[in-house]
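We have chain A; now place chain B onto it with these hints.
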Amino acid sequence: MRPFTYAKPSQTSDASKSLKQSNSAIIAGGTNLLDLMKLDVNQPAHLIDINKIAELSQIKNNKGGLLVGALVKNSDLAHNKQVLENFPMLSQAILSGASAQVRNMASTAGNLLQRTRCYYFRNSTMPCNKRDPGSGCPAIDGYNRIHAILGTSDSCIATNPSDMAVALMALDAVIHIEGSGAKRSVPITKFYVLPGAHPEKETVLKDGEIITAVEIPQLAAAKHSRYLKIRDRKSFAFALVSVACALDVKNGVIKEARLALGGVGTIPWRCTEAEKILVGKPAKKETFKLAAEAAVKSAVTHKHNKFKVELCKRTIVKALSALENLA
Amino acid sequence: MRLNFSRRRFSQLLIASTVLSSLEELSPRIMKKALAETKDKQSGAVSSPHAYDLSINVNGKQHKLKIDSRVTLLDFLRENLNLTGTKKGCDLGQCGACTVHVNGRRIKSCLTLAVMHDGDQVTSIEGIASGDDLHPMQEAFIKHDGFQCGFCTPGQIMSAVALLKEPCGASDDDVRECMSGNLCRCGAYPNILAAIQEVRKGGKH
Numbered sequence: 001m002r003p004f005t006y007a008k009p010s011q012t013s014d015a016s017k018s019l020k021q022s023n024s025a026i027i028a029g030g031t032n033l034l035d036l037m038k039l040d041v042n043q044p045a046h047l048i049d050i051n052k053i054a055e056l057s058q059i060k061n062n063k064g065g066l067l068v069g070a071l072v073k074n075s076d077l078a079h080n081k082q083v084l085e086n087f088p089m090l091s092q093a094i095l096s097g098a099s100a101q102v103r104n105m106a107s108t109a110g111n112l113l114q115r116t117r118c119y120y121f122r123n124s125t126m127p128c129n130k131r132d133p134g135s136g137c138p139a140i141d142g143y144n145r146i147h148a149i150l151g152t153s154d155s156c157i158a159t160n161p162s163d164m165a166v167a168l169m170a171l172d173a174v175i176h177i178e179g180s181g182a183k184r185s186v187p188i189t190k191f192y193v194l195p196g197a198h199p200e201k202e203t204v205l206k207d208g209e210i211i212t213a214v215e216i217p218q219l220a221a222a223k224h225s226r227y228l229k230i231r232d233r234k235s236f237a238f239a240l241v242s243v244a245c246a247l248d249v250k251n252g253v254i255k256e257a258r259l260a261l262g263g264v265g266t267i268p269w270r271c272t273e274a275e276k277i278l279v280g281k282p283a284k285k286e287t288f289k290l291a292a293e294a295a296v297k298s299a300v301t302h303k304h305n306k307f308k309v310e311l312c313k314r315t316i317v318k319a320l321s322a323l324e325n326l327a
Numbered sequence: 328m329r330l331n332f333s334r335r336r337f338s339q340l341l342i343a344s345t346v347l348s349s350l351e352e353l354s355p356r357i358m359k360k361a362l363a364e365t366k367d368k369q370s371g372a373v374s375s376p377h378a379y380d381l382s383i384n385v386n387g388k389q390h391k392l393k394i395d396s397r398v399t400l401l402d403f404l405r406e407n408l409n410l411t412g413t414k415k416g417c418d419l420g421q422c423g424a425c426t427v428h429v430n431g432r433r434i435k436s437c438l439t440l441a442v443m444h445d446g447d448q449v450t451s452i453e454g455i456a457s458g459d460d461l462h463p464m465q466e467a468f469i470k471h472d473g474f475q476c477g478f479c480t481p482g483q484i485m486s487a488v489a490l491l492k493e494p495c496g497a498s499d500d501d502v503r504e505c506m507s508g509n510l511c512r513c514g515a516y517p518n519i520l521a522a523i524q525e526v527r528k529g530g531k532h
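So the protein sequences, as listed, match chains A and B. Position 220, counted from 1, in the first sequence is what my numbering calls 220; the numbers after and before it change by one each time, with no gaps. Position 5, counted from 1, in the second sequence is what my numbering calls 332; the numbers after and before it change by one each time, with no gaps.
Bear in mind the hints are in silico, worked out from the structure with no lab data behind them. Nothing here was measured: the structure is a model prediction, and the numbers come from that model. Hints may be right or wrong, so weigh each one.
In silico DSBU-like links for lysine-lysine, alpha-carbon gap of 30 angstroms or less [what the hints assert, rightly or not]:
id	chain 1	residue 1	chain 2	residue 2
1	B	LYS528	A	LYS81
2	B	LYS391	A	LYS8
3	A	LYS38	B	LYS393
Coverage of chain A stretches by chain B, computed from C-beta distances (three or more under 8 angstroms per stretch; other residues unrestricted) [stated by the list, open to error]:
id	region
4	4-10
5	42-51
All residues carry an ideal CB built from backbone N, CA and C; glycine is no exception.
This is chain A alone, in the form it adopts within the complex (with noise of 0.2 angstroms):
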């Protein structure tokens, strides 16, 4: 690793000053920052800790849902009994990410902003325009099998690789963010961005801003929720596709439903279309995959990643079966 100041604050506001300074980065869990670090793709100059901000480490009931604090531990969230009983998809997804030691100190805001795994991207030898802009895209007529088919652009197809962001834009999740002496709130499924002709810019957040919480807001239909994850090995290994999804059901019509993908897309990627096509139908195999169509209906493929066109609208299928006692 290079060399880099450490602070360790214990205020938001301060933090959020810390990291106005040039190549500053926050640190919580560590987990994906020094391991980029460690590789020379960060190569923060300031390190500021925020550990030290009880305020930040709090779960707290909030109008019938959660109000989760950015430091809180994937695996407090993942076991909290709120998470369990009334959003198990949300616990669901957080542990079928990383493994044990790494829940434990991974952070909530950290895993929203973990980084692609991406081989050309982790690789500091190689192009690639997420970490050097304009270096080019040597993924794309590359090897790109575990690359996304949905939201890519000519520049960037790398996946977002986050579990638990996944079962957050299907629960409508609001992040909480604060720099500058302000605070502001954005809706998950606006804080992430496309690459586009800028892939280096992952999310809304400004320099200086700092994730504080994440507000899951109630929702009757995730109760009955699942996260289908399937992936290379049965455990510690990032998701070819994942699906999130959450149906309200009477009389065997959807009256509600929600359906997130992960490991396809450049960002979570909710399908708005797909959900459109459930509700008001009845909740059987046809309806599931009429949505499962929809869902990768904009998909562009690259030469090792056809097969997760297939793969997703199966698991689509599999996932609201599962949920419905179809399977």
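Relative to chain A, chain B alone:
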């Protein structure tokens, strides 16, 4: 003439005083550096422009020192405290050989900085036995031959000990899932699993 002389004289004086003052400045700096290095050798800390105070409890013993911001908790344990039971496998959070407990929870010590653990309590593999009495998990690993080369074993045992207090299901598959952050290249998994399940069922922990 007078002016020229004065100017030359003035320049000479200026140069001489500059050299002298910089020597004066330099010598305490050299002294300080030498002193710092001597101190560092005693405490085992690394001399660095980015060194920070660290007070940390490892296996019940308090350590106070200055440490370079870049030193991982893993390197601190191995290089500064000579606690080499904790192993460096991949150094990227993938293998689990570096697993230790911080404030009672298992973590990967390669993915965290020592300086982040000011005020924390760390337990490494050297800290789980009571004197000559091995921890039940250590005994079970020996009984079930839960290793071959032994490199991953400290990490496996630290994970297994932490798992006893975690919400892990009862089945073998549950344990496999909870232990997926610890790799064993020798493939001693069936024996590791048997050791863990015996301790869990025996309730000896």
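- Query: Okay, the region 42-51 of chain A and chain B, do three or more residues pass the C-beta test at under 8 angstroms?
  - Reply: Satisfied; 3 residues make the cut.
- Query: Are the Cα atoms of LYS391/B and LYS8/A separated by 30 angstroms or less?
  - Reply: holds, 18 angstroms
- Query: How does the coverage statement for the region 4-10 of chain A fare against chain B, requiring three or more residues with Cβ below 8 angstroms from a Cβ of that chain?
  - Reply: holds (count 4)
- Query: Can the restraint linking LYS38/A and LYS393/B be considered satisfied, given a maximum Cα separation of 30 angstroms?
  - Reply: Holds: LYS38/A and LYS393/B sit about 22 angstroms apart, inside 30 angstroms.
- Message: Tell me if the straight-line CA distance from LYS528/B to LYS81/A falls inside 30 angstroms.
- Response: Status holds; Cα separation ~25 angstroms.
In terms of the numbered hints stated before, the structure departs from none.
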